[in-house]
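Working from the sequences, and respecting the hints, build out all of it.
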Amino acid sequence: MLKTKEFTIELEEIDAGENPLRLEGENKGIAELSESIRRIGLINPLVVAPGYDGARYRLIAGHRRFAACRRAGLKEVQVRIIEGEQREICEIALAENLFRKDLSPVEMAVAVVALMKEGGMAREEVASICHRPSAWVRKQEEIVSWPADVHNAVHNGWLSVSAASNLALVYDDAHRRLLLNQAKQNGATARATAAWLQEWLSSVPPQPSGDLRKIGAETG
103 MLKTKEFTIE
113 LEEIDAGENP
123 LRLEGENKGI
133 AELSESIRRI
143 GLINPLVVAP
153 GYDGARYRLI
163 AGHRRFAACR
173 RAGLKEVQVR
183 IIEGEQREIC
193 EIALAENLFR
203 KDLSPVEMAV
213 AVVALMKEGG
223 MAREEVASIC
233 HRPSAWVRKQ
243 EEIVSWPADV
253 HNAVHNGWLS
263 VSAASNLALV
273 YDDAHRRLLL
283 NQAKQNGATA
293 RATAAWLQEW
303 LSSVPPQPSG
313 DLRKIGAETG
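Counted from 1, the sequence shown has number 114 at position 12 by our numbering; the numbering is strictly sequential.
Please keep in mind that the hints were generated in silico from the structure rather than gathered at the bench.
Be careful, since some hints might not be right.
[What the hints assert, rightly or not] Subject to a maximum C-alpha distance of 16 Å in a straight line, what follows is the list of computed EDC-like cross-link-like pairs (lysine to aspartate or glutamate):
| id | residue 1 | residue 2 |
| --- | --- | --- |
| 1 | K219 | E190 |
| 2 | K177 | D117 |
| 3 | K219 | E187 |
| 4 | K241 | E227 |
Below you can see the structure in the form of structure tokens.
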């Protein structure tokens with residue numbers, strides 16, 4: 103059974119995990135939230151769980167608030183500490199992320215995959231908790247593996263996930279950057295990036311069979 107209690111702890115005692123929503127610097131909302139916290143304080147506590155080492159805390163929900171608090175220079179923050187089975191804690195974190203409308207597709211993917219690792223849950227278990235098909239969870243894993251420049255494009259909202267899935271397969275960094283710049287300047291649909299991908303594939307030397315990537319180009 104889960105137990106909760108509220109405390110005030112030092113912000114530095116909290117570990118945000120692999121993804122303290124690592125793209126926060128590009129998110130304009132963080133600056134506004136930070137200014138609000140400076141003026142009136144943190145209204146909704148961060149949700150944390152005891153750290154694996156027992157000495158610190160790990161952030162479960164409230165990544166944007168965490169980033170804003172850090173930006174605002176807060177030394178101490180109000181937190182709600184959750185204690186219970188690891189699976190239960192992971193379910194809470196997944197639910198929190200699923201119902202947040204301000205998460206970008208990249209942030210969602212990183213959050214889902216990180217919790218799979220932390221909770222030791224199989225893809226099917228996560229799919230059941232999220233009320234999503236296994237293919238959706240597999241897609242989150244795929245998104246996490248994309249290059250950083252593709253992540254940034256999706257996170258900043260000028261490239262769709264379906265269009266990005268094609269450009270993520272362009273493993274020539276210079277050429278991928280060229281295509282991303284073209285997409286940013288002129289826009290690009292999934293159909294367009296699928297064509298770019300096929301054109302690029304036709305110009306590069308064939309890869310050994312063991313290195314071939316699965317080409318699931320979106321065309322709709």
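Outcome of the hint check:
1. With a C-alpha separation of about 14 Å, the suggested pairing of K219 with E190 holds against the 16 Å cut-off.
2. A hinted pair counts as satisfied when its Cα atoms are at most 16 Å apart, and K177 with D117 qualifies at roughly 14 Å.
3. Of the pairs offered as hints, the one joining K219 and E187 holds, with about 15 Å between alpha carbons and a cut-off of 16 Å not exceeded.
4. Among the hinted pairs, K241 with E227 is consistent with the structure: their alpha-carbon atoms are about 15 Å apart, no more than 16 Å.
Checked against the numbered hints above, the structure breaks none of them.
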